Amino acid sequence: MQLEQQLRERLKQKEILLMTHIVLGYPSFEANREVIAQMVAAGVDCIEMQIPFSEPMADGPVILKANQQAITAGTRVSNCLAFGAEMAATHDIPFLYMTYYNIIFKYGEQAFMEEARQAGIKGLIVPDLPPEEGADYLRLAKENEIAPILIYAPTSTDKRMSELAGHGAGFIYCVARRGVTGTKSEFGEEFNTYLARCRAATTLPLAVGFGIQDREDVTALKGKADMAVIGSRTIKLVEEHGPAAVGPFISSLR
Amino acid sequence: MNKKGFFGNWGGAYIPEILFQTFQELNTEFERCKNDPDFWQQYIDLMSTYSCRPTPLTHASNLSRYFGGAQIYIKREDLNHTGAHKANNVMGQGLMVQRMGKKRVIAETGAGQHGMATATMAAKFGFDCTIYMGEEDVRRQRPNVFWMEKMGAQVIPVTDGSRTLKDAINAAFRDWVTNVDNTHYVFGTVCGPHPFPEMVGWFQSIIGMEAHKQILKQHGRMPARIYACVGGGSNAMGVFKRFLNEPEVELIGVEAGGHGLQTGAHAARLCSQDASAGVAQGYKTMFLQDDDGQMKDTHSVAAGLDYVGVSPILADLWEQGRVRFEAATDKEVMSALDLTMKKEGIIPALESAHAFVQAFKEAPLLSGDEAIIINMSGRGDKDIFTIAHAFDDPSWKEFIIERAREYSHYS
Ligand SMILES: Cc1ncc(COP(=O)(O)O)c(C=O)c1O
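Going down the list, the sequences are from chains H and F.
Read left to right, the first sequence gives residues 1 to 254 (our numbering).
Read left to right, the second sequence gives residues 1 to 411 (our numbering).
Note that these hints are calculated values from the structure, not bench results.
Computed from a predicted structure; not experimentally measured.
C-beta atoms are modelled at their ideal positions from N, C-alpha and C, and glycine is treated no differently.
Hints are not guaranteed to be accurate.
[Claimed, not checked] Below, simulated DSSO-like cross-link-like pairs (lysine-lysine); rule was C-alpha separation at most 27 Å, straight line:
no., chain 1, residue 1, chain 2, residue 2
1, H, K184, H, K142
2, H, K65, H, K236
3, F, K150, F, K124
4, F, K213, H, K159
5, F, K102, H, K184
6, F, K3, H, K159
7, F, K343, F, K213
8, F, K103, H, K184
9, F, K124, F, K34
10, F, K3, H, K142
11, F, K296, F, K342
12, H, K65, F, K296
13, F, K150, F, K4
14, F, K343, F, K296
15, F, K331, F, K397
16, H, K142, F, K4
17, F, K34, F, K4
18, H, K142, H, K12
19, H, K184, H, K236
20, F, K343, F, K217
21, F, K150, F, K102
22, H, K159, F, K4
23, F, K150, F, K342
24, H, K65, H, K159
[Stated by the list, open to error] Residues of chain H clear of chain F, computed beta-carbon distances all greater than 10 Å:
no., residue
25, E4
26, E55
27, E115
28, R117
29, G179
30, P205
31, H241
Using the sequences and the hints, build the whole thing.
In structure tokens form, the structure reads like this:
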């Protein structure tokens with residue numbers, strides 16, 4: 001089943017879905033394994049696994065540091081792909097890769113997509129690859145039944161949003177505010193107007209990410225978005241309290 | 001350029017969606033400026049009144065005699081206001097920022113010259129200014145940090161990654177995506193996403209336009225060769241552009257050889273075997289990276305050349321064989337610097353001294369009626385700590401020790 005349908009199935013039972021983010025190899029694959037098991041057991045609907053890159057331009061301090069430490073610890077792209085395959089085979093939820101374009105470009109777009117498909121990966125998020133530069137990427141992703149997930153930002157015009165919707169699949173990742181990952185977002189009137197514009201521009205499910213921290217944030221998104229994305233918050237939680245703290249945190253969100 | 005923003009296989013605009021709209025506006029404004037002769041005139045007027053354009057082309061008669069070959073001419077970007085070619089780009093972008101109505105500028109800086117120029121421009125035009133600088137470079141280029149702060153800019157040391165230029169660029173992008181509505185990112189070299197390579201190259205092309213007129217007037221014909229150091233590539237593109245269609249002029253870009261190409265501790269992207277095609281910091285070029293696409297640590301005595309990528313325009317000219325690339329080691333740079341000071345009373349920046357090294361190697365091979373131009377991208381005063389340290393200068397050390405002793409009484 002393709003990503004969009006998988007999410008729609010889940011939406012029949014839940015008011016809002018949860019997607020979490022982990023950085024592969026940080027603090028270790030062993031910890032990643034435990035954290036993912038906790039997330040799945042606590043009912044997470046989708047997990048994006050970030051393949052670390054030395055220049056993560058769109059990420060804030062928490063994820064930036066995690067990328068750097070994962071690389072310093074010796075994490076290779078091949079380790080990440082093997083781990084991704086293991087997770088997709090172990091757990092019954094959709095797994096995505098998130099990374100920067102250079103990682104895919106250097107690996108070879110075709111080879112990367114084929115391996116990702118064989119591993120059972122359902123989608124890809126590449127924040128520094130706009131569709132204008134990604135013709136081959138978009139084609140290869142679709143040929144391999146992997147959803148190329150595109151991003152909306154509050155600065156995107158209505159016209160731009162419709163254009164992006166035509167290239168994307170799976171869902172649209174709506175960046176909650178200007179800035180990088182990690183800082184808290186406000187879900188006020190301006191945000192609601194933005195989300196309404198997102199909704200009008202596409203029929204794809206909407207995920208909202210950047211700075212979602214607690215139950216209150218997730219509740220605020222109910223009825224407006226289809227999925228809430230928790231990123232830096234769980235990475236920090238693992239840093240401070242270890243993998244075992246993740247399950248109870250996720251369960252507290254909805 | 002073929003596909004939008006590409007030079008052959010290189011360039012593009014690999015930007016996050018948050019910046020898409022701002023790049024649309026920037027592209028529109030850039031097109032308007034390019035097609036508006038008044039804009040270029042306004043730029044020339046500013047550069048000839050606020051700075052000292054045209055900068056002179058100096059015949060280095062002592063060095064020419066010393067090497068006994070080609071006549072050596074030096075294009076004096078050190079005499080540009082703020083002491084380097086960087087001001088050409090910055091003042092140009094400053095005029096664009098005024099037109100776009102933004103109130104805040106940010107910039108990355110390596111050697112500090114681009115940060116200096118941006119802080120200066122911001123003071124003159126009344127913009128708020130934040131400069132990102134790798135912690136390692138803050139240490140290497142302390143005098144520039146002092147002046148930037150004095151001109152009212154906030155200098156933020158970047159402690160991520162290798163703490164050099166590439167990390168300062170990442171930090172500036174993070175600021176930009178957060179404050180995109182009121183902020184313009186004054187990109188410092190002919191790299192980054194389209195339209196920056198073309199735009200920065202356009203403003204810098206003033207160097208070559210002047211040098212072309214000057215060499216014809218002073219030497220009577222075209223130069224045989226032109227040398228420029230290459231960090232991102234802006235001073236090189238600046239001096240080369242006017243001569244690209246003059247096939248008899250050979251163009252030579254000199255990269256940072258650091259401790260030597262075979263040591264791996266260098267920043268030579270185009271003349272070493274260590275770089276490969278990649279996409280980072282918003283554009284596609286030859287990057288010093290590993291097989292996974294992770295950027296490597298680079299090394300150069302010159303902070304402004306210590307960078308993993310290189311201009312997509314230069315990558316294209318390299319691929320076409322139009323520009324030849326060479327490397328100068330840290331050691332060679334110090335002796336070229338020493339010789340230039342002694343023979344001509346001119347102090348090149350450590351970056352610029354790379355171009356001098358290669359010119360000195362080749363000048364003796366040419367005949368006395370041929371001319372070569374060295375683009376002296378900046379002055380060396382900013383490097384006083386690094387240069388004094390490299391020369392192991394005893395009287396300077398004594399001065400520093402004494403000054404430190406004086407200061408320690410206060411604390
Ligand atoms: C004096 C000087 N020359 C050269 C450079 C290298 O930059 P580019 O290659 O863009 O001219 C710098 C950069 O900081 C510089 O300050």
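Comparing the hints with the structure gives:
Only pairs whose Cα atoms come within 27 Å are accepted, and K184/H paired with K142/H is rejected, the gap being roughly 34 Å. Restraint check for K65/H and K236/H: satisfied, since their Cα atoms lie roughly 11 Å apart, inside the 27 Å limit. At roughly 13 Å between alpha-carbon atoms, K150/F and K124/F fall within 27 Å of each other, so this suggested pair holds. Taking the CA atoms of K213/F and K159/H, the gap is near 48 Å; set against the 27 Å cutoff, the hint is violated.
Among the hinted pairs, K102/F with K184/H is consistent with the structure: their alpha-carbon atoms are about 26 Å apart, no more than 27 Å. For the proposed pair K3/F and K159/H, the alpha carbon gap of about 22 Å is at most 27 Å, so the pair holds. Distance check on the hinted pair: K343/F and K213/F sit about 26 Å apart at the alpha-carbon level, within 27 Å; holds. Of the supplied pair hints, the one linking K103/F and K184/H holds, its CA atoms being roughly 25 Å apart against a limit of 27 Å.
With a C-alpha separation of about 23 Å, the suggested pairing of K124/F with K34/F holds against the 27 Å cut-off. Straight-line distance between C-alpha atoms of K3/F and K142/H comes to about 23 Å, which keeps the hinted pair within the 27 Å bound. Distance hint between K296/F and K342/F is unfulfilled; the C-alpha atoms sit about 37 Å from each other, more than 27 Å. Annotation: proposed proximity of K65/H to K296/F holds, straight-line Cα distance about 17 Å (limit 27 Å).
Restraint check for K150/F and K4/F: not satisfied, since their Cα atoms lie roughly 40 Å apart, outside the 27 Å limit. Between K343/F and K296/F, the direct Cα distance comes to roughly 38 Å. Violation of the 27 Å bound is thereby established for this hinted pair. With a C-alpha separation of about 20 Å, the suggested pairing of K331/F with K397/F holds against the 27 Å cut-off. Restraint check for K142/H and K4/F: satisfied, since their Cα atoms lie roughly 24 Å apart, inside the 27 Å limit.
Distance hint between K34/F and K4/F is fulfilled; the C-alpha atoms sit about 16 Å from each other, no more than 27 Å. Straight-line distance between C-alpha atoms of K142/H and K12/H comes to about 26 Å, which keeps the hinted pair within the 27 Å bound. Using a Cα cut-off of 27 Å, the hinted pair K184/H and K236/H holds, with the two alpha carbons roughly 14 Å apart. With a CA separation close to 24 Å, the supplied pair K343/F and K217/F stays within the 27 Å bound.
Between K150/F and K102/F, the direct Cα distance comes to roughly 23 Å. Compliance with the 27 Å bound is thereby established for this hinted pair. The hinted pair formed by K159/H and K4/F meets the criterion: a straight-line CA distance of about 20 Å does not exceed 27 Å. Proximity of K150/F to K342/F is assessed by CA-CA distance (about 32 Å); at most 27 Å being required, the pair is judged violated. For the given pair, K65/H sits about 36 Å from K159/H by alpha-carbon distance, which is inconsistent with the 27 Å threshold.
With a least CB separation of 20 Å from chain F, E4/H remains clear of the 10 Å interface cut-off, as annotated. Not every CB of chain F lies more than 10 Å from the CB of E55/H, the least distance being 5 Å, so the non-interface label is violated. Every CB of chain F lies more than 10 Å from the CB of E115/H, the least distance being 14 Å, so the non-interface label holds. Listed as a non-interface residue, R117/H keeps its Cβ farther than 10 Å from every Cβ of chain F; the least gap is roughly 20 Å.
For G179/H, the shortest C-beta to C-beta distance to chain F comes to about 4 Å, within the 10 Å cut-off, and the non-interface label is violated. Listed as outside the interface, P205/H is consistent with that label: its C-beta sits roughly 18 Å from the nearest C-beta of chain F, beyond the 10 Å cut-off. With a minimum CB-CB distance of about 25 Å to chain F, H241/H clears the 10 Å threshold, and the non-interface call stands.
When each numbered hint is compared with the structure, violations occur for hints 1, 4, 11, 13, 14, 23, 24, 26 and 29.
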